[in-house]
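Enquirer: Residue strings, one per chain:
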Amino acid sequence: MRHLPLAFALALTPLTAVTARAEAPVTSFELENGMQVVVIEDHRAPVVEHMVWYRAGSADEQPGVSGVAHFLEHLLFKGTQKLDPGEFSKVVAANGGSDNAFTSFDQTAYHQRVAADRLDLMMEMESDRMVNLQLGEADILTERDVIIEERNMRVENDPRGLFREQLQAALYLNHPYGTPIIGWRHEMEALDLDAALDFYRQYYAPNNAILIVAGDVTPDEVRRLADKYYAPIPPNPDLKPRARPSEPRQMAERRLIFRDARVSTPYVNRMYLAPERDPGAQEQGAALTILAEILGGGQTSVLNQALQFDQKKAVYTSAYYNGSSLDDGSFGLFVVPAPGVTLEDAEAAMDEVVAKFMVEGVDPAQLERIKFQMKASQIYAQDNVSGLARRYGDALTSGLTIEDVQAWPEILQAVTAEDVMAAAEMIFDRDKSVTGYLMPAEEVTQ
Amino acid sequence: MKRFVLAFGLILGATVAHAEIDIQEVESSGGFDAWLVEDHTIPFVALELRFRGGGSLDLEGKRGATNLMVGLLEEGAADMDSRGFAEAKEAIAAEISYGMTDDVVRISTQFLTETQDDAVSLLRASLVEPTFDEESIERVRQQVLSSLQSDATDPDKILSRTFDAMVFGEHPYATDYNGTIESVATLTRDDIVTAWHNAIAQDRVYVSAAGDITAEELGALMDRVLTDLPEQGAPEPEDIDVVTEAGVTVVPFETPQAVAMFGHGGMERDDPDFFAAYVMNTIFGEGGFESRLMNEVREKRGLTYGIYSYLVPKDHAELVVGRVASSNDRIGEAIDVIRDEWAKLAETGVTEAELEQAKTYLTGAYPLRFEGNGPIAKILVGMQMDGLSPDYVTDRNANIEAVTLDDIKRVAAELMKPDELAFVVVGQPEGLSDTVGQ
Numbered sequence: 001m002r003h004l005p006l007a008f009a010l011a012l013t014p015l016t017a018v019t020a021r022a023e024a025p026v027t028s029f030e031l032e033n034g035m036q037v038v039v040i041e042d043h044r045a046p047v048v049e050h051m052v053w054y055r056a057g058s059a060d061e062q063p064g065v066s067g068v069a070h071f072l073e074h075l076l077f078k079g080t081q082k083l084d085p086g087e088f089s090k091v092v093a094a095n096g097g098s099d100n101a102f103t104s105f106d107q108t109a110y111h112q113r114v115a116a117d118r119l120d121l122m123m124e125m126e127s128d129r130m131v132n133l134q135l136g137e138a139d140i141l142t143e144r145d146v147i148i149e150e151r152n153m154r155v156e157n158d159p160r161g162l163f164r165e166q167l168q169a170a171l172y173l174n175h176p177y178g179t180p181i182i183g184w185r186h187e188m189e190a191l192d193l194d195a196a197l198d199f200y201r202q203y204y205a206p207n208n209a210i211l212i213v214a215g216d217v218t219p220d221e222v223r224r225l226a227d228k229y230y231a232p233i234p235p236n237p238d239l240k241p242r243a244r245p246s247e248p249r250q251m252a253e254r255r256l257i258f259r260d261a262r263v264s265t266p267y268v269n270r271m272y273l274a275p276e277r278d279p280g281a282q283e284q285g286a287a288l289t290i291l292a293e294i295l296g297g298g299q300t301s302v303l304n305q306a307l308q309f310d311q312k313k314a315v316y317t318s319a320y321y322n323g324s325s326l327d328d329g330s331f332g333l334f335v336v337p338a339p340g341v342t343l344e345d346a347e348a349a350m351d352e353v354v355a356k357f358m359v360e361g362v363d364p365a366q367l368e369r370i371k372f373q374m375k376a377s378q379i380y381a382q383d384n385v386s387g388l389a390r391r392y393g394d395a396l397t398s399g400l401t402i403e404d405v406q407a408w409p410e411i412l413q414a415v416t417a418e419d420v421m422a423a424a425e426m427i428f429d430r431d432k433s434v435t436g437y438l439m440p441a442e443e444v445t446q
Numbered sequence: 001m002k003r004f005v006l007a008f009g010l011i012l013g014a015t016v017a018h019a020e021i022d023i024q025e026v027e028s029s030g031g032f033d034a035w036l037v038e039d040h041t042i043p044f045v046a047l048e049l050r051f052r053g054g055g056s057l058d059l060e061g062k063r064g065a066t067n068l069m070v071g072l073l074e075e076g077a078a079d080m081d082s083r084g085f086a087e088a089k090e091a092i093a094a095e096i097s098y099g100m101t102d103d104v105v106r107i108s109t110q111f112l113t114e115t116q117d118d119a120v121s122l123l124r125a126s127l128v129e130p131t132f133d134e135e136s137i138e139r140v141r142q143q144v145l146s147s148l149q150s151d152a153t154d155p156d157k158i159l160s161r162t163f164d165a166m167v168f169g170e171h172p173y174a175t176d177y178n179g180t181i182e183s184v185a186t187l188t189r190d191d192i193v194t195a196w197h198n199a200i201a202q203d204r205v206y207v208s209a210a211g212d213i214t215a216e217e218l219g220a221l222m223d224r225v226l227t228d229l230p231e232q233g234a235p236e237p238e239d240i241d242v243v244t245e246a247g248v249t250v251v252p253f254e255t256p257q258a259v260a261m262f263g264h265g266g267m268e269r270d271d272p273d274f275f276a277a278y279v280m281n282t283i284f285g286e287g288g289f290e291s292r293l294m295n296e297v298r299e300k301r302g303l304t305y306g307i308y309s310y311l312v313p314k315d316h317a318e319l320v321v322g323r324v325a326s327s328n329d330r331i332g333e334a335i336d337v338i339r340d341e342w343a344k345l346a347e348t349g350v351t352e353a354e355l356e357q358a359k360t361y362l363t364g365a366y367p368l369r370f371e372g373n374g375p376i377a378k379i380l381v382g383m384q385m386d387g388l389s390p391d392y393v394t395d396r397n398a399n400i401e402a403v404t405l406d407d408i409k410r411v412a413a414e415l416m417k418p419d420e421l422a423f424v425v426v427g428q429p430e431g432l433s434d435t436v437g438q
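In order, the protein sequences belong to chains A and B. Position one of the first sequence corresponds to residue 1 (UniProt numbering), numbered consecutively onward. Position one of the second sequence corresponds to residue 1 (UniProt numbering), numbered consecutively onward.
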């Protein structure tokens, strides 16, 4: 690897420390080219997690090239003018580190875990591939085979994966969250260099990126290195505010049945369109988070107690809320029926339990337990600084701010039983839902 | 009380000499041993318990009894029913998870310092006074049966089961410790109680802790949790030698991507050559590194998303195995490449450059594992089960550094056996058919 050019000094906006009490100190500042920097200190072990997050995910793709965000993520390991294909990971490994990347609807992130004194090298390489990617046609074709095998593994080989895709596609009438992150297979097969580079040139720029460094490091050191490596990269002046096609008024419940010979455990999954956590206005998201816990969060949850313990109609139940997204997320209910119980009966029983809950309301003791567990999880989370880094990266690329992340625990604690019931009234609107049955193939007999 | 200190600075250079892992060996007044890394930075404790034996202790005809028993430990204990136990656990935000494998029952716990007393009471109740009431048995039995049904059409599960049945013969390892639909359906409460006495006993327990707890407190904790357990559990099964025949076994299954497992007999964990074998496998097929298999099968040919090889030193048998998944029309090519690489490693070992790269990776990566109380507690209990001493953490990198090219060449020639390399493929692989036994 050749040396990268030295950075010239660049003025920074003032350092703002937004330290939460009794928690890992978190510092944030912005480079003049618009790159946001977050430092999470944990000096217990001489390790750092270095992450660069882009505010660009699969939902930012153009129509017709689904999967290109994820394809590009793979291609970022294929070399620059200074690094050969595969050399990035090789250098990380030779320094005792590990590296990887991931793509989601709203973000793409690259990360390395290394000894604290190797941070300089990580920034040198990561800043290089932000703008200097160099790809050959052969790399493209081989790597396209790899992502198709990845799709085979994650989706095609698992009927539950295929079912989830169909459900998600039915939940969104217009928004790109209805398209799988990994891409539709027929579009993946046609992905080419131009599609990847279009996405790269549009979204990979410092003013669309967030640097997060967590671990045994000081804000001053991060500022010095960020100054050297990231600050010289010019911003993309053509970057536009993120705006995706949005959902129209949803007016009709959707229902689907997915059959596959490989299914031996049928289940029912209902998804409702749900508002996401919004910056400065996370109260409804907090109420939905707690509602999901009350209904399906654990052993003493409402669905679990009614369907597994009392009625014995299910072997598994859950409820979940995906609220950490840029646009409308989802709220889901999930029931695996007991032997001899049909999916229709399981669904009816699930709806009865929810209807009863709407009448009876929240058990105050359960609400108190859930809040205490959430408080404790803040303490447990301090043990895993990489996890904290992800929490910030995920929020900041989903439209939230550092202040929102830090206010979240207190907003959760402030949720009342009334808030939960109001959120439930709002969310359980079948016109904004899809209900899916995953079933064995009809001709299969046991 | 002895103390062993791993100074990261020794490994990573003089610039980072400030962090260290200080392992205390703790003995309770009741005679129980534990390893502890005390760190009062965050007000919680990570506690790990291990009971050696696990699923291999299942009695004849009672396959799945240990698994069902472990699944019931949190379903009611002392004067609490299932819901009461769960409420008590939730009310103090303690995390207690019960799991198992062929060789071990695992209990991983995290609790806040402020609720330590209640958490320890719950943990003790679940191990010493589990209820095993009939209603809970039926409920958990149905969950196990549901997952066994699911496994029956899951290509990865079919693969593991076929491979295990092929390599482990009559040993308990040959079958799934979750049991079969038939065996689980017939397990009785008596079978579960027997499995509990056999598996959860003092003579096989290992304990570690990390976080906000002192040696004295940990000693008292162990006496409280473990004193009322049976002194002795059931004997472990015999060791066996794995015997395989080179070839391919195809399990037809309609799915777009074929999955394959491959391997043969391996090396014991306490073999003096284990370090050399470990470095060799890092070069050959360890994931997340520029391994030979990853390079040849994924990077050069795009035949898969992931390919890995592992050394599997179980308590009673050893394997060297790998896994790969490729489309039905490409798995044949992947297998050809794997066979070639296997033979090449056996014949010529590795290069100086590969060895150096693996050493820098392994020695640099080792201290990074000690990230937080949770991972530290897990590492400590794993070391105890492997029969290592606390000073392993300081010697380990020197042992890696000491591995020579000749060591790897010798070990590769002994360990990698192309004429015993067996493949199992689940799917509809094109151009592949059974070759074993023909």
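These are computed hints drawn from the structure, not numbers from a lab. Computed from a predicted model, the values in this text were never measured in an experiment. One or more of the hints may lead you astray.
To be verified - With a straight-line cut-off of 30 Å between C-alpha atoms, the simulated DSSO-like cross-links for lysine-lysine are: (1) A:Lys375 to B:Lys378; (2) A:Lys90 to B:Lys409; (3) A:Lys90 to B:Lys417; (4) B:Lys409 to B:Lys157.
Enquirer: Of all the hints given earlier, name the ones this structure violates by number, lowest first.
Expert: Of the numbered hints given earlier, the structure breaks just one, which is hint 4.
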